[in-house]
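**Q** Spelled out from the first residue to the last, the chains are:
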Amino acid sequence: MNRRDKKPGKRFILLTAAALVMILSLSVGSALAYFTTYATAAGDAVLELGFTETIPNEVVERDGKHITIENIGDYACFVRVQVFAENDVIYHPAANWRDGKDGFWYYDLVLPAGEMTSELLAEVEYPVNTEEEIVPDFDVVVVQECSPVFYDTAGNPIADWNQTVINEGA
Amino acid sequence: MKKINQPVSIKAALLLILAAILLLASTVGSTRAALTYYSESYSAQLNMSNIGVSLVENGEIVSSRNYTEDGVWDETGTKELLSKMVKENEKFQIGKKYEERISVRNTGSIAAFVRVTLTKSWTNDEMKDITMSPDLILLNLLSQNGWVVDTDASTKERTVLYYTNALEAGSETPPISDTFQIDPEVAKKWKKAENGNTISYVYEYNGYVCKLEAEVDAVQTHNGGEAIKSAWGVDVTVSDDESSMSLR
Chain A
1 MNRRDKKPGK RFILLTAAAL VMILSLSVGS ALAYFTTYAT AAGDAVLELG FTETIPNEVV
61 ERDGKHITIE NIGDYACFVR VQVFAENDVI YHPAANWRDG KDGFWYYDLV LPAGEMTSEL
121 LAEVEYPVNT EEEIVPDFDV VVVQECSPVF YDTAGNPIAD WNQTVINEGA
Chain B
1 MKKINQPVSI KAALLLILAA ILLLASTVGS TRAALTYYSE SYSAQLNMSN IGVSLVENGE
61 IVSSRNYTED GVWDETGTKE LLSKMVKENE KFQIGKKYEE RISVRNTGSI AAFVRVTLTK
121 SWTNDEMKDI TMSPDLILLN LLSQNGWVVD TDASTKERTV LYYTNALEAG SETPPISDTF
181 QIDPEVAKKW KKAENGNTIS YVYEYNGYVC KLEAEVDAVQ THNGGEAIKS AWGVDVTVSD
241 DESSMSLR
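As given, the protein sequences belong to chains A and B, one line each in that order. Everything in the first sequence is counted per our numbering, starting at 1 for the first residue and increasing by one. Everything in the second sequence is counted per our numbering, starting at 1 for the first residue and increasing by one.
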């Protein structure tokens, strides 16, 4: 039989395969040798969304109604005030009160939970009965509203008076 | 003719042994070559090539994983993000921009290429809520500072960023982001409720939790292209001096 036609034996095949595995193992070894590492971190924040509660403090004195607004809730807010009376009202605002020219007086600062605004004095001309010079009973109604604190795209705190909580006093 | 199972010839066995010796010799060749350069006139300090990387939030390391000279991985840090975002006695405000500068520091002893994967998600009642878009979590990413977004690998929930420069040992990347914010639109989802002369609103997403995760991966710069392909499965082009890389 011609020697060239002889098929390779099992042992030859096994030894050849072993040699191939050894060669391949060299490349596998280099792949595992790369230096790598990693680090991870995670965190979260809870959305605590809610409306606060504010109450008007009104002290009536001879010179008018001394108004402050107190935030008795859990969330910061903006507040504004409107006063209704039979006669004209003259306002004497302390710091940070601003006439919105829309019937409301706005407190420009964020009112944190548990804090109170500065004073807004609403001076009302007393209606006088000239014949008897007696001051009759009359109403000065204070309406105060609060808005949640929102933020514009620049991150500045703003109010949205379409979302208000309204409380009326008298 | 019946085949006889003969043992392997001596010639074949010798050749196989010779091949094995040659293979082994190839692995020690570099060691021998290095030894021939040794001179008694000089001493050399051998530094271990230790890779290490850290996540940095607002200037503070929050998570590290460094290979030490003792041959162990040293993992340190709180691994917490956003933990100092809201001041004590304050509530997390919707729409407010909070400082969130995330960067990467090389805390190893060799240069490395790094990438960061950021993941944003919502949970409600401890269950992941996939109906609320991760886009409502606004992490403002910075550009033109060496970081590039792999748009092919990124989704609404996941953003993959590569730092295109090699990060030298001890150095830190520019920040990936600068602010963290919840889209103010979230606070506009409410329902009206009336109680006497008091009108109030109930927020739809009250109690929801926004989550931010970050992972940094680092790989050696030496033979960087193949190393990144092997470690991350990504094709990149590394400059000849291995100082920068770009996505293909």
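Calculated from the structure, these hints are not laboratory results. These numbers come from a predicted model, not from an experiment. A virtual CB, placed ideally from N, CA and C, is assigned to each residue, including glycine. Careful: at least some of the hints might be erroneous.
Covered stretches of chain A (in silico footprint by chain B; criterion: 3 or more residues with CB under 8 Å from a CB of chain B, positions within the stretch not fixed) [what the hints assert, rightly or not]:
| id | region |
| --- | --- |
| 1 | 34–43 |
| 2 | 48–56 |
| 3 | 90–103 |
Among chain B residues calculated to face chain A with C-beta under 8 Å, some are [what the hints assert, rightly or not]:
| id | residue |
| --- | --- |
| 4 | L14 |
| 5 | I17 |
| 6 | A20 |
| 7 | L23 |
| 8 | L55 |
| 9 | G59 |
| 10 | V62 |
| 11 | Y67 |
| 12 | G71 |
| 13 | V72 |
| 14 | K79 |
| 15 | E80 |
| 16 | K97 |
| 17 | Y208 |
| 18 | A214 |
| 19 | E215 |
**Q** Does the closest beta carbon of chain A sit nearer than 8 Å to the beta carbon of L14(B)?
**A** violated (12 Å)
**Q** Let me know if the C-beta of L55(B) comes in closer than 8 Å to any C-beta of chain A, holds or violated.
**A** Since the shortest Cβ distance to chain A is 5 Å, the answer is holds.
**Q** Does the interface hint hold: is G59(B) within less than 8 Å of chain A, judged Cβ to Cβ?
**A** The hint is violated - G59(B) has no Cβ within 8 Å of chain A, the shortest such distance being about 14 Å.
**Q** Can V72(B) be said to touch chain A, with a Cβ gap under 8 Å?
**A** violated (12 Å)
**Q** Between the region 90–103 of chain A and chain B, are there enough contacts, at least three residues with CB-CB distance under 8 Å, for the coverage claim to hold?
**A** violated (count 0)
**Q** Under the criterion of a CB-CB separation shorter than 8 Å, is E215(B) in contact with chain A as hinted?
**A** It holds, given that the least Cβ distance between E215(B) and chain A is near 5 Å, below 8 Å.
**Q** Please check whether E80(B) passes as an interface residue: C-beta within 8 Å of a C-beta belonging to chain A.
**A** holds (5 Å)
**Q** With 8 Å as the cut and Cβ atoms as the points, is K79(B) at the interface with chain A?
**A** holds (5 Å)
**Q** Given K97(B) was flagged as interface, is its beta-carbon under 8 Å from a beta-carbon of chain A?
**A** With a minimum Cβ separation of about 4 Å from chain A (threshold 8 Å), the hint on K97(B) holds.
**Q** Establish whether the coverage given for the region 48–56 of chain A by chain B is satisfied; the threshold is a Cβ-Cβ distance below 8 Å, and no fewer than three residues must meet it.
**A** Held - the region 48–56 of chain A has 4 residues with a Cβ nearer than 8 Å to chain B, which meets the minimum of three.
**Q** Hold the hint about Y67(B) up to the distance rule: shortest CB distance to chain A must be less than 8 Å.
**A** Holds, because the Cβ-Cβ distance from Y67(B) to chain A comes to roughly 7 Å (cut-off 8 Å).
**Q** Does the nearest C-beta of chain A fall within a distance shorter than 8 Å of the C-beta of L23(B)?
**A** Holds - the Cβ of L23(B) comes within 8 Å of chain A, reaching about 6 Å at its closest.
In this structure, the hints that do not hold are numbers 3, 4, 5, 9, 12, 13, in rising order.
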